[in-house]
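**Q** So the protein lines, in turn, are chains A and B. Mapping of the first sequence onto our numbering: position 96 corresponds to residue 97, and the numbering continues sequentially without gaps. Mapping of the second sequence onto our numbering: position 133 corresponds to residue 134, and the numbering continues sequentially without gaps.
What the hints contain is simulated information worked out from the structure, not anything from laboratory work. Every clue listed holds true.
One copy or any two copies: either way a pair holds, since identical chains are not told apart in the list.
Derived BS3-like pairs: lysine-lysine, alpha-carbon spacing no greater than 25 Å straight-line: (1) K3 - K309; (2) K25 - K309; (3) K144 - K334; (4) K233 - K64; (5) K205 - K144.
2 protein chains.
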Amino acid sequence: MKFTINRSRFIQELQTVQRAISTKTTIPILTGVKIELNQEGLNLTGSNADISIETFLAADDEKAELQINQTGTIVLQARFFSEIIRRLPENTFTLEVQENHQVLITSGAAHFTVNGLDADNYPHLPVVEEQNQLKLPVHMLTKLIGETVFSVSQHESRPILTGVHFTMSNGQLLAVATDSHRLSQRVVPIENSNNDFDIVIPGKSLVELSRSLSDEEAEVEISIMENQVLFKTPTMYFYSRLLEGNYPDTNRLIPSSFNTELTFSVPTFLAAIERASLLSHEGRNNIVRLAIADNSVILYGNSPEIGKVEEELVYEQVSGDPLEISFNPDYMKDALRAFGDMSIKIQFISAIRPFTLEPSEGDVSFIQLITPVRTN
Amino acid sequence: MKFTINRSRFIQELQTVQRAISTKTTIPILTGVKIELNQEGLNLTGSNADISIETFLAADDEKAELQINQTGTIVLQARFFSEIIRRLPENTFTLEVQENHQVLITSGAAHFTVNGLDADNYPHLPVVEEQNQLKLPVHMLTKLIGETVFSVSQHESRPILTGVHFTMSNGQLLAVATDSHRLSQRVVPIENSNNDFDIVIPGKSLVELSRSLSDEEAEVEISIMENQVLFKTPTMYFYSRLLEGNYPDTNRLIPSSFNTELTFSVPTFLAAIERASLLSHEGRNNIVRLAIADNSVILYGNSPEIGKVEEELVYEQVSGDPLEISFNPDYMKDALRAFGDMSIKIQFISAIRPFTLEPSEGDVSFIQLITPVRTN
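Same shape as in the complex, but just chain A (with noise of 0.2 Å):
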């Protein structure tokens, strides 16, 4: 194999496949990148445990000026190879494979030759039988990943609330996402859906697609396998592993009648709770505390050793019962963050049960839910 290529455009490559190799792996072989070099174009591959990730640079790539002087294939150790090419004195750089898998990395005056291995020992990626597949645009999967997946639990001892549960079903992709004290649902309406399928797919497989996905405009194929979700753009292809196991049925837990309801601006109540959270992260008990009335808001954060807070919110709207109620305010940090810049409403029924977050206008397909913290 030999080859020469704009230094810039394949770290941009490069980058990409990182995501998905880790430098602590026990596979020695995976701690590299897989180089394929073929009439038509450059393939790099990355895998690890939950995911791989292949892109493909075509040999016409007008950014890429890549010279084809030789096919061929080679696994390069990521990090050092990496920044190898970050730190070649000239815009193209040479990479040609010598004897026992030696790479002779060629720009300007610098001259490396590193010590490779053999790409027949890399493993095989997951081959894709074509079947149940999707395809959404990348901003819509992108947002659906934003809006649940920081709601999946981060603790290992129920692994399936690790992932994102997806639904096809009725023309419709439910994405939820729960760690038994919050919940994030986001309903997605699916043109020509072929199949129904019922999977749940890795929170840290999803948060890394997300940053792989550049390309605003760009539509995602899908396809979904025994054990294996690939996620297909013209450039890339994202494997995941997929969560073994039964999902909880969640749609018993949103609840459908209320008490009290409150609307407001996000960016506005999101400053307070991250006000009144700087002293209750100082507490044994990481709660704020908000006092609804007829005719006032107002939220209440503590820490025996350092102070309180009190505060006064502005709020749009607000009807039903008074009402004071506490909770986690990094559950409420999150949830907020996802709506962004809008109007919400906070829908109660008590202190003790489980309170919703959803647009105040427009349909529901978008609603957050929050268990309150019990403090008597």
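Following the hints, put chain B in place on chain A, whose structure we already have.
**A** Frame of chain A; chain B shown alone:
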């Protein structure tokens, strides 16, 4: 005490004194910032075992919008206080000391009540006898620090080497730092110097001092006391303890005759050293090798696991005996960075004797010395 002040102007002052405040101190009151308000303006003080910083914000500072309602003094836990101030909703805030050292902080609808400490228990700063005074432009002092402080020892085995040695005599200020593997030395002519002195200032103090000095045009007034040094600007007093003990005689270390001389531009040489050190960092000995011949200068780096690099360097001039010499590339990087974008010369005696770096033109007011590594 009660005052109202512009939030961002106050945060600036707080950031400066926070450089002296450690959260790890065993003396609880030193985790606090001392706030003192009198008719002239507002003083903030932070202190730890090594340095103390006092800032002064004049009552007539326009950006501060200071309204003095009642003078007084209090100590507030610095980390929380600063986080609270940062998150307040309005451009100004009001701080009022209430009963039992409780402090009410108000901004818009947000009301914080935090526990303060009696300022009478805050340690007194050293009393400055106005002796051994010296005036330096800020830009000259920060340059002097930047050119030497990286060579101080990071180990406490010889505490005196963790400081920079400043000697004032014959109208010249000499600053020297060495960790016994490399040395940095700068000479600055001083006009109107009153007294000679010989002190060692901790490297860490100098780094914080450098960061605290912002006004490039201003002058710093330096006062030296028995075991303290004070750096005074119109808006800040910066105290540091001095290191006790005798600094080694470093004059005899700098050689005066050479057998090989190499002249080059710093940025290209630095980039090559950075490439070579990528591999040397992985080896057991962190060394690179420089081979100087009549008509070529080649830099080598290698790591048995990863690979090797060689690069023919672009130089301006080479003269004297051919030489192969090995050294720690990190020392070379630090030294080169201290020169910036200029042309410098390296002068060698032999592969086992320290070599020196200095600007290729001008007087020898700045010199750096690196001890090579014997490879056989």
